[in-house]
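> Dock chain B against chain A, hints included.
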Amino acid sequence: MAEQTQGAVPLSAVIADAATGVALALRGEGDPYALSGILRQSDALTSAAVRVLGADALAPYAVEHRAAPVGADDEAVVRQALAAYPPGADASQVSVWSYRGLIEASHAFLPAGAQPWPAPPEAEAAWVAGDPWPKLSHRVSQVAALALPGLAPGLAEQLAARTDDLARGFVRAVRRRDWLQAAGLGRWLARLPDAPSTLGLDSGLAFIRQMGGADPRVALHVVAAQRFYGRGW
Amino acid sequence: MTGGRGDPGLLDRMVQRSLGWLEEARPLFRLPSNVTTDADPNLTLKPLGELAELTQLIGVLHPREEIRTAARGLFAFAWNETRDGELFAELIRGEPFATYPVELYGVFTQAGLRHAEVDELVHTTTRLRGWRVAREDHTRTLGVLNAERRIGLRQHADFGAVLALTGLGGLPEPWALDRKSAYGVTHDVFHLTDWGRNRQRLPPELADYLRLWVPSWLENWLEEQLWDLAGELLAVTACLPAAPYDPVAWQRLADAQAADGSVPEMGAAPATGDPAEAFTACYHSTLVTAFAATLARIASDEAEAGPPAGDTASVGGRTPCESETAL
Chain A
1 MAEQTQGAVP
11 LSAVIADAAT
21 GVALALRGEG
31 DPYALSGILR
41 QSDALTSAAV
51 RVLGADALAP
61 YAVEHRAAPV
71 GADDEAVVRQ
81 ALAAYPPGAD
91 ASQVSVWSYR
101 GLIEASHAFL
111 PAGAQPWPAP
121 PEAEAAWVAG
131 DPWPKLSHRV
141 SQVAALALPG
151 LAPGLAEQLA
161 ARTDDLARGF
171 VRAVRRRDWL
181 QAAGLGRWLA
191 RLPDAPSTLG
201 LDSGLAFIRQ
211 MGGADPRVAL
221 HVVAAQRFYG
231 RGW
Chain B
234 MTGGRGDPGL
244 LDRMVQRSLG
254 WLEEARPLFR
264 LPSNVTTDAD
274 PNLTLKPLGE
284 LAELTQLIGV
294 LHPREEIRTA
304 ARGLFAFAWN
314 ETRDGELFAE
324 LIRGEPFATY
334 PVELYGVFTQ
344 AGLRHAEVDE
354 LVHTTTRLRG
364 WRVAREDHTR
374 TLGVLNAERR
384 IGLRQHADFG
394 AVLALTGLGG
404 LPEPWALDRK
414 SAYGVTHDVF
424 HLTDWGRNRQ
434 RLPPELADYL
444 RLWVPSWLEN
454 WLEEQLWDLA
464 GELLAVTACL
474 PAAPYDPVAW
484 QRLADAQAAD
494 GSVPEMGAAP
504 ATGDPAEAFT
514 ACYHSTLVTA
524 FAATLARIAS
534 DEAEAGPPAG
544 DTASVGGRTP
554 CESETAL
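Going line by line, the protein sequences match chains A and B.
The opening residue of the first sequence carries number 1 in our numbering; numbering runs sequentially from there.
The opening residue of the second sequence carries number 234 in our numbering; numbering runs sequentially from there.
Just chain A, with the same shape it has in the complex (with noise of 0.2 Å):
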């Protein structure tokens, strides 16, 4: 992936490929996992790439235990996209949580380094308690990836509080054969402590997996889910 030719592969090809570094690294597979080896500093779509993942692009080094130890070159690759996209004033609520969530897991997951990480941004968390569900529902896929152990405790509280209004995303998301949403949603519910258990979450994760995997951001959401939180199969 790293060979390709910059500048004939567009994003979406790279944030694939990266995804499904991510997702074979969650599944134990292939090499030891470094961020800097599946999207190299000096390419010039690993910055959008590495914002667009947020938190997913270090969701590897959550894993416990893990092989490798993380090297300086990740942290320049992150720094980089810190860098190269910050949320502007008129970013929308999901660009600053997915922004907010990467700093997170620089401080979480990355050593320190020469200089300390930037303090995260100011998340606003209205529209978790305002929207109604089916808006909510998709927002809430869309920061799929700050679902990880220890990120965004607040949000994840704020959220609990709508589980049942999520776990209905979810179902409208499968219906609608809507993958990514649905793995994303998933991957939330898992996450929280009471997804109702009539949704049958465990085999809805299997089931968009089957259906919907071949897009490797939705492997890598169904993978999470079950790495970091037990659910699905």
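You may find that some hints are simply not true.
Listed next, the in silico DMTMM-like pairs over lysine to aspartate or glutamate satisfying Cα-Cα at most 25 Å (straight line) [said to hold, decoys possible]:
no., chain 1, residue 1, chain 2, residue 2
1, A, K135, A, D215
2, A, K135, B, D411
3, B, K413, A, D178
4, A, K135, A, D178
5, B, K413, B, E457
6, A, K135, A, D164
7, B, K279, B, E319
8, B, K413, B, E510
9, B, K413, B, E369
10, A, K135, A, E124
11, B, K413, B, D441
12, A, K135, B, E456
13, A, K135, A, E122
14, A, K135, B, E406
15, A, K135, B, D441
16, A, K135, A, D90
17, A, K135, B, E457
18, B, K279, B, E256
19, B, K413, B, E498
20, B, K279, B, E314
21, A, K135, B, D488
These aren't lab readings, by the way, just hints derived from the structure by calculation.
Only chain B this time, still in chain A's reference frame:
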């Protein structure tokens, strides 16, 4: 979705406009002379049976007298079309082991309309061992059981045991529901609750399941503009204890109602100059809309009045039986 009070003005307008269209459509509900021989029952008996089932309910339960009167007029018309029940004797003599004449007859017996010869016939046919043979469709079996109750016949199977085999009783994964099984679930609820008359028959476990998942299904099928199924899901919602009221969903169904009061089964109103074609495309959704809006109106009144004393979920005019037409 909010709990509690709905929008009685909107709901009543929807019922009135639906009944207005149905009234105009009377000639198309009329049974042809070949109804017991070679007419297509889906175009003859099915529409009339639905008309009878749902106008009977509206005629008894709707809080507004002028609406009840209009509905009763349509119900009386339907009974008249059966020639005061004589039709059912002919149907049963023609097909003694078919369930649909019994299901249709049950719609009328719950209102006290009976035919002596039909009563004698069904007492014989429904006592056969053959009548007890399991049917392929468990939801339909619930309908037959309801009809037996309405007519006062011995129940050929245990209602709860059959319910457990249905798409509702099995509590399937809510994301695995397809269109056909969604219709099954709505009718499981209608048979179980006697079309909303006896909502307390809905066990808490099933009510919890429906309260959780109906909003998702409703959103899906509103999006697909499948108005009859959306209407049925709104009716199911109104059957829940302390029924929630979804103002956005109701407005979307209201917006689908055409100027003449008809509600198309799917998408936009059919562009056809053929009255029979327009009738086939609209009669079911229009009836369902009137039915659902009636149940939601009742639930809205209950929310206004606060929790009723005693039998918390039952409404006036309840009957001891349940029914199925070929709805």
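> Could you run down the list of hints and mark each one as holding or not?
Structure-based check of all given hints:
no. : hint            : verdict
1   : K135/A / D215/A : 23 Å, holds
2   : K135/A / D411/B : 23 Å, holds
3   : K413/B / D178/A : 21 Å, holds
4   : K135/A / D178/A : 14 Å, holds
5   : K413/B / E457/B : 14 Å, holds
6   : K135/A / D164/A : 14 Å, holds
7   : K279/B / E319/B : 17 Å, holds
8   : K413/B / E510/B : 23 Å, holds
9   : K413/B / E369/B : 14 Å, holds
10  : K135/A / E124/A : 16 Å, holds
11  : K413/B / D441/B : 22 Å, holds
12  : K135/A / E456/B : 14 Å, holds
13  : K135/A / E122/A : 21 Å, holds
14  : K135/A / E406/B : 22 Å, holds
15  : K135/A / D441/B : 23 Å, holds
16  : K135/A / D90/A  : 19 Å, holds
17  : K135/A / E457/B : 18 Å, holds
18  : K279/B / E256/B : 17 Å, holds
19  : K413/B / E498/B : 15 Å, holds
20  : K279/B / E314/B : 13 Å, holds
21  : K135/A / D488/B : 22 Å, holds
In terms of the numbered hints stated before, the structure departs from none.
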